Amino acid sequence: MDKPFTDEEFREKINLCLNSLEDFQSLKISKKKIQILHKNKLHNTNGPAVIYKNGREEWYFEGKRHREDGPAVDSENIKIWYKKGLRHRENDPALIKDNLKVWYERGLKHRTSPLPAVEYYIENEKVSRAEWWNHGILEQTKDDEIEIIYENDLVKSIKTKETYTEFEEEKVSYLSDKTGRFWFKDDKLHRDEDDQPAAIFYNDVVVWYQYGLKHRTNGPAMEFSDGTEKWYSWNKLHRTDGPAITRPNGDNEWYENGKFIKCSSKIRRIKKWFKEESSLGFDIGLALFAIAFIIFYVFYILSLK
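Per our numbering, the sequence shown runs over residues 48 to 352.
Because the hints were derived from the structure by calculation, they are not lab data.
Incorrect hints may have been included.
Said to hold, decoys possible - Cβ pair distances, simulated, as ranges:
#1 222 x 251: 11 to 21 Å
#2 335 x 298: 51 to 61 Å
#3 78 x 235: 51 to 61 Å
#4 132 x 239: 26 to 36 Å
#5 75 x 258: 21 to 31 Å
Remember, predicted model here, so these are calculated numbers, not experimental data.
Cβ atoms here follow ideal geometry from the backbone N, Cα and C, with glycine treated the same way.
Whole structure, please, built from the sequences with the hints as guidance.
Here you go:
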């Protein structure tokens, strides 16, 4: 249970909020909680926007739970991390409560394989139940007693009553920043597991890499949000059973080993149009030059008389 504030401590919290209140902020006070608002939305950039008498504190930014440097919901029995209203935390559980830890990414239960996104603990810090989630989709559940063994902050092995899985020690890293999520092997973009992309950008562009090169065996190596797809083989546009670049409007292009083969009739028509237009433009320009020259010559002859 949370440790509640005494009446004196709660009054001190109220005075502290009053003294730190910005001109554009307002304060709501009741017997159970203090609320700091801006334009009728919970908002405070200097601390929690809601303080409960029972000891719980919550951080808000423009009406959404949000905190950059810690849990946005903070109390003795539960801590939850939020970014812009979504449960989210980089590389650590976004929800910690009693014997429960849950990993979230942008509001969805998720944790990079091979680690579970939900861990229920029993005594001795052993996991009694684990759930593997991939961007909000439950993929696997284990109810056995599970032991996750770490070495140098990397998972060395996962042990249950029935199975033991050991992971080879290799230079594999994962990066998540404001542009997207990226998987590396030996400092090169690379991902092996189940035909998964090595680069997922937040603008919905997805790219498959092998050892730093765009490559995918059974599908496009680049997928764009507008539906465009590109097939690559070891960093070269390549496809033998169809166009290597497909677009929703039908403007497709064929490549093999990086060499252009052909394009759809629509693209050919566009290219032909540009060629005709450029040729026509050249002819018109030549005619105008000839007319200008004749006029200049006539004026020159007349000036000699």
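Evaluation of the provided hints:
Against the hinted window of 11 to 21 Å, the Cβ-Cβ separation of residue 222 and residue 251 comes to about 18 Å, which satisfies the hint. Evaluation of the 51 to 61 Å hint for residue 335 and residue 298 yields a failure: the beta carbon distance comes to about 35 Å. Between residue 78 and residue 235 the beta carbon distance is about 60 Å. The supplied range of 51 to 61 Å therefore holds. Judged by the Cβ atoms, the range 26 to 36 Å given for residue 132 and residue 239 holds: they are separated by roughly 34 Å.
Restraint check, residue 75 to residue 258: a C-beta distance of roughly 58 Å breaks the suggested window 21 to 31 Å.
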